[in-house]
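Student: Whenever a hint applies, use it, and build me the whole structure from the sequences.
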Amino acid sequence: MPVFTTTLELSTQGDCEIVDITERVQEEVSRTPLSNGLVTVFVPGSTGGVITLEHEPGVVGDLKEAFERLSPRELPHRHHRSWGDGNGHAHVRASLVGPSLSVPLREGRLALGTWQQIAFVDFDNRSRRRVLIVQVMGD
Amino acid sequence: MPVFTTTLELSTQGDCEIVDITERVQEEVSRTPLSNGLVTVFVPGSTGGVITLEHEPGVVGDLKEAFERLSPRELPHRHHRSWGDGNGHAHVRASLVGPSLSVPLREGRLALGTWQQIAFVDFDNRSRRRVLIVQVMGD
Amino acid sequence: MPVFTTTLELSTQGDCEIVDITERVQEEVSRTPLSNGLVTVFVPGSTGGVITLEHEPGVVGDLKEAFERLSPRELPHRHHRSWGDGNGHAHVRASLVGPSLSVPLREGRLALGTWQQIAFVDFDNRSRRRVLIVQVMGD
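Protein chains in written order, with this note's numbering: chain A, 1 to 139; chain B, 1 to 139; chain C, 1 to 139.
A couple of the hints might just be wrong.
Said to hold, decoys possible - A few chain C residues facing chain B, derived, Cβ under 8 Å:
| # | residue |
| --- | --- |
| 1 | Thr6 |
| 2 | Ile21 |
| 3 | Thr22 |
| 4 | Thr40 |
| 5 | Phe42 |
| 6 | Pro44 |
| 7 | Ser71 |
| 8 | Arg81 |
| 9 | Ser82 |
| 10 | Gly86 |
| 11 | Ser95 |
| 12 | Ser100 |
| 13 | Ala111 |
| 14 | Gly113 |
| 15 | Trp115 |
| 16 | Ile133 |
Claimed, not checked - Covered by chain C, per the in silico footprint, the following chain B stretches (three or more residues, Cβ under 8 Å):
| # | stretch |
| --- | --- |
| 17 | 3–15 |
| 18 | 72–78 |
| 19 | 122–135 |
Read the hints as simulated data drawn from the structure, not as lab findings.
Quick reminder that beta carbons are idealized off the backbone N, C-alpha and C, glycines included.
Tutor: This is the structure in structure tokens:
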């Protein structure tokens, strides 16, 4: 059975930057000969997540506020007390949001809604170079 | 490799309606010749989510209150200021819950627990007609 | 197409115990002849979840506090009023976290980050014997 696994590289600013990666994922998928199946986008790391959203500035801003409510940056995190890297909130947010997204592939296209985009969220507290995994299985 | 992709249509009331779709997903799966593999349920839209839960009125009520804590409806959402459609909270909740659920298929049945059901949650602030995607891969 | 489905048994203490199952999942995967594909870890139950995290005591403690904020144990849960089993908060947390995790498999290894582990979270309010499902599809 055909499995195609590629990577996608990003430079991010951190601090809950929400990067629309829809077109880049679709490009990776379109490089494979597959038309129908399942696309998995995965973050190999513990301070980033993958979501879908309507990627417009209003929702992006509302989501950043929600992440702050979910795990406030200024709480006294135990991770910070042990490691001193100031990103305890990033670990918590990433675990709650999750590192993986599964999207059906239909006739060569990601089966997203009209106003639905795929985004990588970098919860870390500094700029990073990120490598995401894009996997396509099907026929 | 066999991939079967079908859709499932629902009429929902919105406002965090939590609709048990377990039997309908199982019916779609049973229409395919596959016995073992992976079932993906996906919402092509940015104001709905797919979860599992013990679908009894107590848990359903508790979850609705949790969604309200997660992203209170009456917060001044930026999405609403831009678009005026009053469903900023729905976008935030849907992004946090996620549009996709993966369930193993074993000997023709969804491998759910005895008290575990699959549900679609419509976070939008109005009634909708929804089309979900059900995909089955395997052998 | 090859699909391999196995189970993994755990004894847990409940109360948000966060159990690192990375090595056990890798062992199940390594028992199959597959090298590339998708690994799904699934909880067949409504009071447990699967996450990834940097599994060190600081993040583990921070996450437990986040689960308590997400759905406080002492809230008057409707599920408890109906069933009297005192675990309404566990149902809510499990639904929000989700029962399923998808991880790409590359050259026989789970494609996790260096500091990223897979964990089962038992949200229930008592010790349990748990059976998780590990499924591998690919080639």
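Student: Going through the earlier hints one by one, which of them does the structure break, listed in rising order?
Tutor: 1, 2, 3, 10, 13, 14, 15, 17, 18, 19
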